[in-house]
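**Q** Residues per chain, in single letters:
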Amino acid sequence: MLLAVLSGFILAILAPWLYKVGRGATGWILAFLPLGLFVYFVGFIEPVAHGEPVTFTYAWIPSLSINLSFYVDGLSLLFALIISGVGTLIVIYGGGYLAHDKNVARFFVYILMFMASMLGVVLSNNLMSLFVFWELTSVTSYLLIGYYHEKPESRFAALQAMLVTGGGGLAMMAGFVMLALVGGSWEISTLFEQGELIQNHAQYLPILLLVLLGAFTKSAQFPFHFWLPGAMAAPAPVSAYLHSATMVKAGVYLVARLSPILGHTETWLYIVTGFGTVTMFIAAYIAWQQTDLKRILAYSTVSALGILMMLLGLGEHVAVEAAMVFLVVHSMYKGSLFMIAGAVDHETGQRHITGLGGLIKSMPFSGVAAVLAAASMSGLPLFLGFIGKELIYESTLESHIYPLALTGIAVLTNVLTITAAGMVSIKPFFGQEIKTPKHAHEAPWSMRVGPLTLASLGVILGAVPFAAEEFGALLVGPAASGILNEALEVHLHILPSAINNIVMLSVVTVLGGIGVYAVRGLLGKVVAPLNAVSAVGPEKWYQWTLDGMMASAKWQTHILQSGYLRYYLIITILTTVGLAGSTLILQGALQNLSAITMPEAQIHEILIVVMILCAIVLVLRTSSRLTAVAGLGVVGYGIALLFVLFGAPDLAMTQFSIETLSVILLVLVLYRLPTFTNFSTRFERARDLVISLMGGALITVLVLIETALPINSRLTPYFAENSYTLAKGHNVVNVILVDFRGIDTMGEITVLGMAALGVYGLLKLRLAKKDKTPEPDVSKPEPISKPTETYTPMPVKE
Amino acid sequence: MEVILAFVVGALYTAGFYMILRRSIVKLILGLGLLGHAANLMIFTIGRLTRGSPPIIGHEAETLVGPFADPLPQALILTAIVIGFGVQAFAIVLVKRAYETVNTEDFDQMRSTDLHEA
Chain C
1 MLLAVLSGFI LAILAPWLYK VGRGATGWIL AFLPLGLFVY FVGFIEPVAH GEPVTFTYAW
61 IPSLSINLSF YVDGLSLLFA LIISGVGTLI VIYGGGYLAH DKNVARFFVY ILMFMASMLG
121 VVLSNNLMSL FVFWELTSVT SYLLIGYYHE KPESRFAALQ AMLVTGGGGL AMMAGFVMLA
181 LVGGSWEIST LFEQGELIQN HAQYLPILLL VLLGAFTKSA QFPFHFWLPG AMAAPAPVSA
241 YLHSATMVKA GVYLVARLSP ILGHTETWLY IVTGFGTVTM FIAAYIAWQQ TDLKRILAYS
301 TVSALGILMM LLGLGEHVAV EAAMVFLVVH SMYKGSLFMI AGAVDHETGQ RHITGLGGLI
361 KSMPFSGVAA VLAAASMSGL PLFLGFIGKE LIYESTLESH IYPLALTGIA VLTNVLTITA
421 AGMVSIKPFF GQEIKTPKHA HEAPWSMRVG PLTLASLGVI LGAVPFAAEE FGALLVGPAA
481 SGILNEALEV HLHILPSAIN NIVMLSVVTV LGGIGVYAVR GLLGKVVAPL NAVSAVGPEK
541 WYQWTLDGMM ASAKWQTHIL QSGYLRYYLI ITILTTVGLA GSTLILQGAL QNLSAITMPE
601 AQIHEILIVV MILCAIVLVL RTSSRLTAVA GLGVVGYGIA LLFVLFGAPD LAMTQFSIET
661 LSVILLVLVL YRLPTFTNFS TRFERARDLV ISLMGGALIT VLVLIETALP INSRLTPYFA
721 ENSYTLAKGH NVVNVILVDF RGIDTMGEIT VLGMAALGVY GLLKLRLAKK DKTPEPDVSK
781 PEPISKPTET YTPMPVKE
Chain L
1 MEVILAFVVG ALYTAGFYMI LRRSIVKLIL GLGLLGHAAN LMIFTIGRLT RGSPPIIGHE
61 AETLVGPFAD PLPQALILTA IVIGFGVQAF AIVLVKRAYE TVNTEDFDQM RSTDLHEA
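These protein sequence lines are chains C and L, in that order. With the working numbering, letter number 115 in the first sequence gets 115, and the count goes up by one each step, no holes. With the working numbering, letter number 47 in the second sequence gets 47, and the count goes up by one each step, no holes.
It should be emphasised that the hints constitute simulated quantities derived from the structure, not laboratory data. Using N, Cα and C, we set each Cβ at its ideal position, and we do this for glycine too. Careful: at least some of the hints might be erroneous.
[What the hints assert, rightly or not] Reference excerpt, derived from the structure (chain C facing chain L, CB under 8 Å, subset only):
no., residue
1, R566
2, P649
3, S692
[To be verified] Here are the in silico distance ranges between beta carbons for each label pair:
no., chain 1, residue 1, chain 2, residue 2, range
4, L, H59, C, T583, 40 to 50 Å
5, L, P67, C, A580, 24 to 34 Å
6, C, M754, L, V65, 38 to 48 Å
7, C, Q203, L, V65, 57 to 67 Å
8, C, Q556, L, P67, 50 to 60 Å
Make a model of the complete structure from these sequences and hints.
**A** Rendered as structure tokens:
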């Protein structure tokens, strides 16, 4: 199983080399992998249908209980079959569609990687590995949408899709982490048993909202739907695969997968059904007003995703059954319609339906496939779409909340869907012939296989009673059982047994659809004023958010990264003072200051302190460099005297010698530098003084608090006891340095050595300028020679 | 005495901060020196002060007894003094080279690594 999931990644790496061998036939060759996977997954149908989910576990990061574990039940199997099956057709189609594109090898790399990631999403049993595959689909989708990377709108759409789905993915991960903590496991199959516990937990609502945010962004639910039409900048095979059949269904899959854990509550019902219903209607409403073939299909895809969400929100047996049937129906008709739209665009150079007509003569195969797919989309009898639509109406009528309103909206949505179906099939292929930019001709076979296969499958499953029955029993039933977490038997009938309300609704829908199609031109003019609303729609929110983030990033960078050392220092000092100071005040540490006793000091100690303070003032105020250096030396000597008085002779000796050395060094070097210049204004000096005083005051307060508290050191007694007994030394400080902490001292010596090397290097450095030969005359530019791999000495000019 | 030194440490830090906020590169180096002193004295003060009893074990004794200055901060400071000197020496020479190369001691004029024409 691991190999099955990862094989796509492996083949993706090899694809560019295969392309060099296979050239135009590469698509046909590469298609063997998804085909092989499809056959492999078909082998699971029989055991899974008997209610036996199969699990595979491979340890990944065992210490964090993150496994690469896979869970094959009816639900994941149905998705895996769609992914590998449609994937086979798409790889073949992509080879034909991009045959003359120089980057086609890159397309194969991306699409295979995407397929592997998508398989990972639907098969993962571990929440964390699901998340990783989920984000991989976002990344590969980014690469595929931006396939025509030289076009700005492609890059924009790719980034938009990436940010929306990636952002949702992060929210989803937060939800997963909380879910795993509450449920006590990262494995989805284990969490199935914890459903009740999780739903009664205080964190149920945040978990639900975060996970749904991930699902809604991925599946383009309102108000995140806008990225999907934008993603139509991708090549047609990408739109057909990612943006109709597979990736956008990942959110649907997630909602379905987690139904037993998070579902069947009031909150779930209202949120999922609510967003689904709004999405399906709004998107269907926008769809029929478009003229671009791919945008019509994109919006109708959003609408279909809304229908799926609504059904999963309802969560009843029939609704779940309807969702699974409709999922397959939609993948078939939308996949084939997208491929046909791509073929039409490819062969005529025209994608707007106003400029297309009568293509059936020049493109008969595509035309037939389009009509079959559109009929399934419209839910005409004897097509699989009909069974799907009947089930949808049955679910909405049985709904616990607002059955009539839901059914009404569903009918309206389907009416508009039929209109859209007519616009993408009847309008381009029938009626008067319209001259197109390119001379229209039929697409190559590689581009006919996909649409024809998918479209005819819709007929076979919808018209042959035996096929429909098997389809229901072997695929839909187990998948629905996976969502409900209980066995469910499904029997699909190609025709209803009696004339009832549902059939009447179907009749109304079809008649309505034909009616709206007929008067769509007039209707478009009537509703046009309403579209002004889109100026403040969700896509604008996205743009505002993005602009706002960029502006704030620019602003804070401007503030924080000025490039001036002193502003960095000011920010550092003020931040430290602010954070440490506020903590001191909030934690009440300042009360310790009351424990301070009046200082007792002897007169010579006071004199040393006064000397140090005077020297500090001198350093600050003098305008002479030598005086400043001398002042610094006095400070150092004063501190050395303090060391002498308070029992630190080693420190005093070191300090005296080092201080002398530094003063000599400073004098020697400063001798060559100019006198102090005052670069700052009076205001700047005052500001810096205030900031410095705040910093100094903080340190004073910290030292006061610290020294007012009792000291508790475990190291000091240890050193006092063991210096002689263990290390045979009388001077404890020396023993610490050379024995107990000997390695630190080694490090110190190394630092000093490097500093010495640096000093030596800087003093000996002769700047390269002086050694260089004079630069060649600019007026006579030399021909730029190619860089050679071997070093050749530059020829000397005579 | 610790209380008095707390204020000395504060004064040293104030002076050090003020000096490194200047635009003159020489003042920056003096400021670094002041900050080094400040840090050493702070560690020393926090380790508590003991008059006239260095942490040295007598010839007859095997362990330190009675009041003695804490050897641990002393060991830390000894390291810090030496390292501080290394840093300062390097900084001084670096400043010298930088000044010779770009011919200014004003930070705001040091805008590029390109050499000034001699």
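**Q** Now look at each hint and say whether the structure bears it out.
**A** Structure-based check of all given hints:
1. R566: 5 Å, holds
2. P649: 5 Å, holds
3. S692: 4 Å, holds
4. H59/L / T583/C: 40 to 50 Å: 48 Å, holds
5. P67/L / A580/C: 24 to 34 Å: Hint holds: Cβ distance 32 Å, inside 24 to 34 Å.
6. M754/C / V65/L: 38 to 48 Å: 41 Å, holds
7. Q203/C / V65/L: 57 to 67 Å: Once the Cβ atoms are compared, 59 Å apart, the range 57 to 67 Å for V65/L and Q203/C holds.
8. Q556/C / P67/L: 50 to 60 Å: 53 Å, holds
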